[in-house]
Amino acid sequence: MTIEATTPSGERMTLNMGPHHPATHGVLRIVVETDGEVVETCTPDHGYLHRSIEKIGECVEWPLFVPYTDRVDYVCAMNANLAYCIAAEQLLNTSPTTAVTVPQRAECIRVLVAELNRISSHLIAVGAMAMDVGAYTPFLHGIAQREHVNDIFERLCGQRLTYNYVTIGGVAFDLYENAAEQITAFLDAFEPEMVRFNKLITTNTIFRDRCAGVAVVSRDEAIAWGLVGPNLRGSGVDFDLRRDEPYGIYGKLGVRVPVGQAFAGRHGVVGDCYDRYLVRLLEIQESVRLCREVLKILPPPAAKAADPVGGWQADVTKVIKRPPKGEVHCRTEAPRGEMGYFLVSDGTKVPWRVRVRTGSFSAAGIFHKVMRGAFLADVVAIIGSFDVVVPEIDR
Amino acid sequence: MSALTAEVIGQRTRAAFPQVQPLATENGRPFLQVAPGDLQQVLRFLCSERDLRFDTLMDLTGYDLLKYPMVPPSDAIVVVYLLWSHVHRHKTTVKVLAPRADCRVPTASSIWPAALYFEREVWDLLGVHFEGHPSQKRIMSPDDWTGHPLRKDYLYPVDYHGVPHLRDGQHFEHVPARPGIPAVAPAPKKSTP
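Each protein sequence line maps, in turn, to chains R and Y. Residues 504 to 898 (the numbering used here) are what the first sequence spells out, left to right. Residues 32 to 224 (the numbering used here) are what the second sequence spells out, left to right.
Keep in mind the hints are simulated off the structure, nothing from the lab. Note that the structure is predicted; figures quoted are calculated from it, not measured. If a hint is listed, it holds; no wrong ones were tucked in.
If you anchor each label on the Cβ, the simulated ranges turn out as follows:
#1 Y:A46 / R:T851: 35 to 41 Å
#2 Y:V102 / R:L567: 25 to 31 Å
#3 R:E684 / Y:V102: 54 to 60 Å
#4 Y:F48 / R:G757: 37 to 43 Å
#5 R:T517 / Y:R43: 46 to 52 Å
#6 Y:G193 / R:R515: 34 to 40 Å
All C-beta atoms in this analysis are idealised placements derived from N, C-alpha and C, irrespective of residue type, glycine included.
Take these sequences, add in the hints, and give me the full structure.
Listed below in structure tokens is the structure:
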């Protein structure tokens with residue numbers, strides 16, 4: 504008789520991970536029932552970070568909700584701002600009397616900051632995932648590069664984490680004087696750093712074998728369970744809202760979409776932890792390219808903020824007080840996948856309903872399924888590979 | 032792969048279910064209005080039909096119609112299903128009105144497992160009971176929370192397990208009052224030393 508680690512022993516143990524656990528990226532509590540080393544059931548417990556953001560949305564005026572969107576996902580606050588502002592603009596554009604045209608320069612700046620923020624968010628994701636499986640150094644390399652992005656954002660809007668920079672109708676401030684040079688310098692220095700990062704961890708055999716074939720989510724499962732963004736693409740679904748439902752100027756940029764293909768080699772399966780990890784790394788590369796493209800087509804600044812080409816902020820102060828009655832659903836591609844805003848307006852200056860649909864929420868929904876049968880030590884790797892950010896789940 | 036327009040999707044659904052109403056919001060956003068009794072069949076039809084094939088539940092949410100300026104006025108809870116097809120790259124919206132007195136809607140989790148979490152959230156925040164959901168419990172608020180916060184007649188609780196939510200003399204004055212809805216919770220009880 505052979506005894507394997509997966510042979511059931513019949514002895515059950517209940518383990519409580521979190522809410523304060525270094526590998527749960529915030530205050531996520533997971534109750535795991537194990538049989539030996541194997542997870543039998545996994546029950547996530549949410550709500551420790553619930554700040555009733557959707558209720559607040561019904562109590563503040565349309566433009567005043569933008570700072571709260573920062574808190575929906577503080578790791579990629581620019582993208583969270585952008586998602587809400589685009590949705591609000593779409594609502595205004597459903598009536599010709601309130602239509603808003605975002606200046607071209609503002610559209611370019613939005614894509615620029617969104618992609619820079621995507622780089623920094625994915626650096627956290629891949630770095631933290633490596634840290635969760637035991638490799639501490641890559642995390643520090645990721646964080647060090649992220650600091651440069653934060654420096655750029657700090658000069659741009661004064662904040663390093665919650666920016667409140669993208670506004671309805673444009674962006675809050677124009678780019679500072681030598682922003683383009685500073686961003687180009689960062690991108691130039693960043694690319695060789697990523698080569699070092701990959702040498703350190705991506706091609707590392709221990710890391711690769713640790714993630715290969717773990718927590719496989721098949722293509723059909725990913726679609727049925729509503730996974731979005733890199734988690735969906737990691738399962739081999741070729742879908743990116745920036746390319747397939749372009750908003751802003753993404754349609755002109757030609758976004759290339761990486762898709763999971765069992766990158767881990769011999770033991771790899773499409774949709775395993777390694778695929779989700781590598782899709783994020785490839786997206787970082789793509790974001791670097793997009794930033795450079797945007798800097799090429801950035802129109803020169805105009806004297807007036809509301810200038811349709813070189814301006815950065817269309818005047819919405821009047822129309823936002825009387826938006827059209829009705830509703831709108833708008834989704835954008837945030838680093839953690841589709842961030843969809845469903846807005847209902849009763850024609851007053853305060854929204855009737857603000858609904859945020861986030862990527863981490865659906866990723867958390869599949870936890871109990873993928874954890875079943877996994878090794879206890881893999882639980883943290885699985886959480887890391889889905890890149891959940893708890894404020895996005897709890898809101 | 033061929034994306035269908037909202038009009039064609041409405042016609043296709045109406046051909047199979049004549050009681051489904053293709054409507055549009057005030058700002059021209061089309062949706063299908065379904066009665067709670069037909070909901071599961073209609074959703075299953077939308078999911079499985081070859082040329083429709085809505086394989087993804089983009090979002091499941093809802094809102095309260097109480098005091099919403101509309102004719103005729105309603106006090107129902109709207110549950111909104113936003114569907115997307117990865118096969119055909121088209122989308123549609125299904126709405127169902129759950130009466131306030133008997134707020135029940137059949138579950139969609141047997142069609143899209145993604146609904147498991149969404150329905151828990153809608154139950155927690157709006158108080159819509161999804162019949163057939165395997166574990167219909169709150170997801171964000173504590174299990175012993177009273178009321179459903181996103182309902183328009185929700186009153187802010189004064190305290191939770193004896194911990195007051197307001198300091199002495201403080202009110203929820205920042206909440207903009209909508210006509211006919213009390214926005215301010217009853218004044219907190221003075222604690223007796």
